[in-house]
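Participant: In order, the protein sequences belong to chains A and B.
So the first sequence is residues 13 to 124, counted in the numbering used here.
So the second sequence is residues 16 to 130, counted in the numbering used here.
Hints are computed from structural coordinates only; laboratory data are not their basis.
What you are looking at is a predicted structure, and each value in this text was computed from that prediction instead of being measured.
In this text, a Cβ means the ideal position worked out from N, Cα and C, and glycines have one as well.
Any given hint could be a false lead.
What the hints assert, rightly or not - Pair by pair, the computed Cβ-Cβ distance ranges are: (1) Arg53/B / Ser96/A: 36 to 42 angstroms; (2) Thr128/B / Glu100/A: 16 to 22 angstroms; (3) Phe63/A / Val89/B: 29 to 35 angstroms; (4) Leu130/B / Leu68/A: 47 to 53 angstroms; (5) Ser96/A / Pro23/B: 44 to 50 angstroms.
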Amino acid sequence: AQSVSQHNHHVILSEAASLELGCNYSYGGTVNLFWYVQYPGQHLQLLLKYFSGDPLVKGIKGFEAEFIKSKFSFNLRKPSVQWSDTAEYFCAVNAWNNDMRFGAGTRLTVKP
Amino acid sequence: GAGVSQSPSNKVTEKGKDVELRCDPISGHTALYWYRQRLGQGLEFLIYFQGNSAPDKSGLPSDRFSAERTGESVSTLTIQRTQQEDSAVYLCASSSGLAGYVEQFFGPGTRLTVL
């Protein structure tokens with residue numbers, strides 16, 4: 013079964029700093045990839061997704077992620093974070109079956 | 016309602032008791048998922064319902080866990096003879112199709128504490 017690894021448990025940045033959150037998965041076949049975000053006190057919501065085509069995908073609020081098949085990675089990036097980006101970020105992978113595998117999450121704290 | 020709702024929001028129970036958690040998906044969503052999130056860990060898939068098909072129960076951790084869904088509406092997750100390791104947030108999500116191809120919409124979760 014596929015697994016998902018998120019390298020950072022807690023990242024602390026100052027506003028305007030650049031962000032990159034790592035995500036690696038173990039499955040070798042065709043995958044669909046997702047980043048979900050959970051803002052404090054809110055539900056999990058979709059940030060962006062990759063199914064096929066351009067490996068650089070753009071999501072809401074200026075986030076983007078790059079799928080690198082050779083590295084089994086789907087890292088999340090944002091050039092300049094804001095205080096409002098403080099949240100927990102989850103990478104998720106779906107392969108041939110219907111269940112989604114989520115990473116452990118990365119908590120991002122942005123200092124104003 | 017506009018989103019996925021879950022009840023109760025918090026549940027504290029004693030070891031050995033049975034608990035029932037409820038999920039109301041978004042109207043019209045054919046797919047419904049239950050996940051468990053233990054403290055500091057990712058979301059663990061439990062069970063998946065798609066329309067009238069037999070549910071995918073491959074993620075249920077033991078026979079103490081069961082779930083039902085009435086048609087394409089409400090689902091209940093039942094945990095019998097609760098154990099302390101069952102303490103977690105239980106999340107429900109619904110989607111209009113297969114999770115791998117469409118967005119899942121999550122509920123707020125039920126925080127279960129087993130004393």
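Participant: Against each hint, give a clear statement of whether it holds in the structure.
Facilitator: Status of the hints after comparison with the structure:
Between Arg53/B and Ser96/A the C-beta distance comes to about 28 angstroms, which lies outside the given range of 36 to 42 angstroms. Thr128/B and Glu100/A have their C-beta atoms about 20 angstroms apart, which keeps the hinted 16 to 22 angstroms range intact. One distance hint, 29 to 35 angstroms for the beta-carbon pair Phe63/A and Val89/B, holds here, with the actual separation near 30 angstroms. Take Leu130/B and Leu68/A: their Cβ atoms lie about 48 angstroms apart, and the range 47 to 53 angstroms holds.
Take Ser96/A and Pro23/B: their Cβ atoms lie about 30 angstroms apart, and the range 44 to 50 angstroms is violated.
Hint compliance for this structure: hints 1 and 5 are not met, and every other hint is.
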